[in-house]
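If you read the sequences in order, they're chains H and C.
Mapping of the first sequence onto numbering that gives the first Met the number 0: position 171 corresponds to residue 170, and the numbering continues sequentially without gaps.
Mapping of the second sequence onto numbering that gives the first Met the number 0: position 317 corresponds to residue 316, and the numbering continues sequentially without gaps.
The list makes no distinction among identical chains, and a pair is therefore deemed to hold if it is satisfied within one copy or across any two copies.
Calculated pairs, DSS-like style, for lysine-lysine (alpha carbon to alpha carbon, straight line, at most 30 Å):
| hint | residue 1 | residue 2 |
| --- | --- | --- |
| 1 | K98 | K84 |
| 2 | K15 | K98 |
| 3 | K15 | K40 |
| 4 | K218 | K447 |
| 5 | K123 | K378 |
| 6 | K40 | K451 |
| 7 | K40 | K447 |
| 8 | K136 | K95 |
| 9 | K40 | K218 |
Just so you know, the hints here were simulated from the structure itself, not pulled from any lab data.
There are 2 protein chains.
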Amino acid sequence: MTTQSSGELYASYKTKMQQIADIRNAIAVLGWDQETHLPEKGAAFRGQQITTLSTLAHELFVEDKLGELLQNLHTRQDLDIIASKNAALSLEDYEKNKKYPARFVAELSNATNECYHAWIKARKANDYKIFEPVLAKMVELKKQEADILGYNGHPYNALLNEYEKGANTAMLDTIFADVKTALAPLLQQIEAKPQVNKDFLHLHYDRNKQWEFGIEILKAMGYDMNAGRQDISEHPFTTSFNPQDVRVTTRIDENDFGNMTWSCIHEGGHALYEQGLPVDNYGLPCGEAASLGIHESQSRLWENNVGRSLPFWQYHYAALQARFPENLQHVSLDDFYKAINQVKPSLIRTEADELTYHFHVMIRYEIEKGLLDGTYSTKDLNEVWNKYYREYLHVDVPDDNQGVLQDIHWSHGSFGYFPTYSLGSLYAAQFFIAAQKQIPGLIEQITKGDYKQLLSWLRDEIHHHGRYYTSNELCEKVTGEPLAFKYFLDYATEKYHHIYNV
Amino acid sequence: MTTQSSGELYASYKTKMQQIADIRNAIAVLGWDQETHLPEKGAAFRGQQITTLSTLAHELFVEDKLGELLQNLHTRQDLDIIASKNAALSLEDYEKNKKYPARFVAELSNATNECYHAWIKARKANDYKIFEPVLAKMVELKKQEADILGYNGHPYNALLNEYEKGANTAMLDTIFADVKTALAPLLQQIEAKPQVNKDFLHLHYDRNKQWEFGIEILKAMGYDMNAGRQDISEHPFTTSFNPQDVRVTTRIDENDFGNMTWSCIHEGGHALYEQGLPVDNYGLPCGEAASLGIHESQSRLWENNVGRSLPFWQYHYAALQARFPENLQHVSLDDFYKAINQVKPSLIRTEADELTYHFHVMIRYEIEKGLLDGTYSTKDLNEVWNKYYREYLHVDVPDDNQGVLQDIHWSHGSFGYFPTYSLGSLYAAQFFIAAQKQIPGLIEQITKGDYKQLLSWLRDEIHHHGRYYTSNELCEKVTGEPLAFKYFLDYATEKYHHIYNV
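Generate the whole structure from the sequences, applying the supplied hints.
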């Protein structure tokens, strides 16, 4: 056997990884179709088809031959830095995957299936007790998973790392301490002020006109319609089959103007990230997103720091008024701006404003961490939940559906995922301040509906790097310092000072 | 090693086949998306994703272990007749696949790719000479393929059997002799008569109203919209991911009413067949269509024997007139019926009426057969083509694009496919006569827009059998005799007697 050159070795690695990526992206197409176009009766076979492809992709990724190739590649000193990083990250992914015993994978897969169906059933009955025993089993498996993966400090770190490499409970505890000490008083001040009016956002907004407005905004942001498309689905999402085919979905509520608009901008932010990933690294780690938190930072930056800002609407509001004169002709820009930034503690995370959102996330984080280290048990978890909501959001949870059963994540076994939502907002605030420092006249550009330099900056600083940097590394590289809560706090303080006079 | 029971063996055969079917159906989803929704820039990676899945499906189907399983299963005497037929057909497919040397498969794949691009280039330049050298290479490979597959009689039989098992040149020569001796004089008589008017079919027909009318007809036929959907594509097609998700596409020309309507009915016929295949045989031969000719018989039966018949429009014409009063209120049902059945020799197969269509197919058949046995060479094939068109269709071919370059099939290496188009029409005519004999009052039902008994008959007699019978066997079983040209001739003679008074 002749020794392969590093170039040859890298080429066969790339071929194998891209083959796996092709299968995974085919699964994504099947999933997209499932949410947007699938006829009712097609669901059963579609599930089976997705399972078959998932199994195939998994089998290809755990092949011993791939492991040998990756080990071999890892010893090569003559790869360029991108190739070297790709090889290292793939080896890391491979070895992590290999840690899972087949028995455990099967058990987790069954439990996830069972848990999902129990959650559906519990939602229908509005009764947490139906969900509790299977959730308990899931928590046990998640504890085992933490042990399988290994961790420093808190077992939660093992799970968190699946979504946000490098993050840990020490970092999150600091962040959520800031949420409590700094955001809670701000929220209290706001609650003491007269509420802003947003009734006019709930007049009748024609479906087609909303759709056209959403497309207009997506295009203005720089979303490439020749490398993507928007469709309707029950829950908005972004899916990518490669950087040249990144699709978004939205939903339209004719009695809630905000529902579609910020979902378009939010998903548009995710999609811009995916369209900006380096296409020559298709199927390789450096062609993937850095982390869930960084992904969320891109959607949140566009949704909130841009899309709920006054400069943004200084440009777009006239067009919106022209589209819906019957609803908006007598609403001033300032009143519109206040309405879309209303702060109001509520029960449901996905409907929360950007301030109270962090409390929703914090509560889930505390509960997850407590479940893993034994502070909490699944028994009476609904009451734990309700207590948290009273304490931090000052609301009474009337039933389980509006409480502990509201999110799908735990039924999927996704523990450690929630914190990335808060991290996303915090990264967004910090990135957006850095962008303002580094792009002269950025806010001025936004008031003109011109996002070219912002997008170009995001591309250069964030998108083009793929998974090369961890979220921590990326944050330091882009902003010169680690993630800091103060940027979000400054942003929120300034915004709500204007809106609520606090 | 313990000997597996036949039941266990059959179960593992079924699992393997369904896994392969899942991949093939995923490819079909990717293909459907490509033709209906894919953003422009997504094409390159989509091609790669489809290639990866195709390779995987192929590799799984040629695995030696599958061969051993099929051989083993073939020896079992205790399988039920469906299981036994499935095993036998899968073994047949497997062994046919295994005949191809890897070198030949690669060569054919490259040649097909080259040939397709040369065809595109030749079409752009409207110049057959550009296509000729690669077509010559393709013909050589097709001769080799015939030898690889083996045949009795004419080498063309080997290729034909890929699409229509059991068909051969002897059978086709007889059919096309009938076309020449019986249809040619009928065509001549028609050409001597005054032409019917169809100008009103080319007035402006609103896109949305056409779409709604098409959906209405599909539903009336019994196409299950909960197990399928219709979308727009450049070329209409039917694709199935399983009997519970069978999709059709159409195109709309606002200046040609016929363009969409009969494409809906045609694809609807294909789709009814696919929706009627036995779902419990998913992934197995008895869950597949019998042959291309039988598939085409289902589309043609609905398109022509039903959808271009007077009884059909006795019911639907009023609704059509109501939708397009400005175009049709002064057009009598009889004039409409004549218009949609106009016979007029023309250059392009896909636009041909149902009488001259057979000459288009016959010409391609004669040329393909001649290329394979050396009667013709690819050199000057455009002139051979043009001579045939003058002789049988009395038209002068003005250029290569309207002649020898018009169809995509040869560029795909599909030799032996064309005859199935004529076979489809002939089977349709024979099946429809049988249906009339076996369903009392069928025509009466059609005049009431009631197709339930017809569909139920097609389901029982044809759809539910899948690939259990060959097309010949099925024809004898359903109609009591082998395929006979006289049914189509009787049908055409009667129809055109009414329309052209011949």
